[in-house]
Amino acid sequence: MLKQFGQKAKHISKCLELAILFEISADKPGNVNLTVGFEGTKYEHFLASAVAATPSFEVAAEKGIAVSKGEIRLTAVGIGHIIKSCVADVNAWQQGGNTLLGTIILLSPIAVAAGMAPTIKDNIFEVQELRKNLKFIAEATTPEDAINVYEAIRIANPSGLNKAPELDVNDSSSLDRIVKEKISLLQVFKIASEYDNVCAEWVNNYPITFEIAYPYLQKQIREKENLNVAIIHTFLKVLSEYPDTFIARKVGIQKAQDVSSMAAEILKFGGLKTLKGREMLREFDLKLRKSDSLLNPGTTADIIAAALALCVLSGYRP
8 MLKQFGQKAK HISKCLELAI LFEISADKPG NVNLTVGFEG TKYEHFLASA
58 VAATPSFEVA AEKGIAVSKG EIRLTAVGIG HIIKSCVADV NAWQQGGNTL
108 LGTIILLSPI AVAAGMAPTI KDNIFEVQEL RKNLKFIAEA TTPEDAINVY
158 EAIRIANPSG LNKAPELDVN DSSSLDRIVK EKISLLQVFK IASEYDNVCA
208 EWVNNYPITF EIAYPYLQKQ IREKENLNVA IIHTFLKVLS EYPDTFIARK
258 VGIQKAQDVS SMAAEILKFG GLKTLKGREM LREFDLKLRK SDSLLNPGTT
308 ADIIAAALAL CVLSGYRP
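With my numbering as the guide, the letters of the sequence shown map in order to residues 8 to 325.
Do not take every clue at face value.
As the list claims (entries may be wrong) - List of simulated lysine-lysine pairs, DSSO-like, C-alpha gap at most 27 Å:
#  : residue 1 : residue 2
1  : K231      : K142
2  : K297      : K231
3  : K17       : K142
4  : K226      : K275
5  : K275      : K294
6  : K283      : K197
7  : K262      : K294
8  : K189      : K139
9  : K17       : K197
10 : K187      : K231
11 : K226      : K128
12 : K142      : K21
13 : K189      : K142
14 : K142      : K226
15 : K226      : K280
16 : K275      : K297
17 : K49       : K294
18 : K294      : K283
19 : K139      : K17
20 : K139      : K128
21 : K128      : K21
22 : K226      : K283
23 : K187      : K142
24 : K226      : K139
25 : K262      : K275
26 : K262      : K231
27 : K187      : K197
28 : K283      : K297
29 : K139      : K187
30 : K49       : K262
31 : K76       : K21
32 : K297      : K49
33 : K262      : K197
34 : K294      : K189
35 : K275      : K187
36 : K21       : K197
37 : K283      : K262
38 : K275      : K231
39 : K257      : K280
40 : K257      : K297
Quick caveat, the hints were computed from the structure, so don't treat them as lab data.
Please work from the sequences and hints to get the whole structure.
Dropping the structure here:
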């Protein structure tokens, strides 16, 4: 039985690793990919990060399994510590700066949720079961989880981290207040959800991931039989409907909305299915890269990684 549960945890971690590798390998506009990067941050840094993150995903899955067996309570999962350990491992294995912080924050609970969930057959998970578990995981977070995530953010040192109106991560008094007032990670993310869509996903039970990105991606995969095209079109779909908060934090919401409008236009003209769409996509990519990483839709990429994780966990194989 122990061997069976160990295999389940390894399987889940491999699914999430594969999802990250799929996401970073697609040549999405404005993101790092195989042929184009940013100064100091290249494709190989993301590859190393994906591999380095996998052991923490396995630990997260093991925690979920322990919850399902009644060995620990959800409050004892320690999702914040898992996130911090994962970020530290990623940081130790590459020198390209922050590569996967948002993705780790989204995928770590998914690993726990999968550990908690039964498989239908052949290690395939029911997506709605995962979503149900994610709600329980978020609601069970603790002040200790919040402190660990603050420390993870400091380790990752992401760009565009402006001063928050409340409980700023770089303000040492924030940690004191979290402890004193017993503020959970979910409560912290509720504050941050106003300006960060990764946090908004946590707070609202992953609505963009489950209701927009995942079904659209599944449909694209069925229709195109080309994963790169499916990922790029899903990326454009999410970006067109949800201005990227990573961009907004760096250059303002108006420019983020302008980027979303351009993504919508590309889809309107067929995206990669038409010559006009391909030309527009090429121009869009060049425009985003002119400002180095200021117009990099990084939050959108994190959500695409989460949607890909659902695809792989629910049985997709290339």
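*Return the numbers of the hints above that this structure violates; sort them in rising order.*
1, 2, 6, 9, 10, 26, 29, 34, 35, 36 and 39
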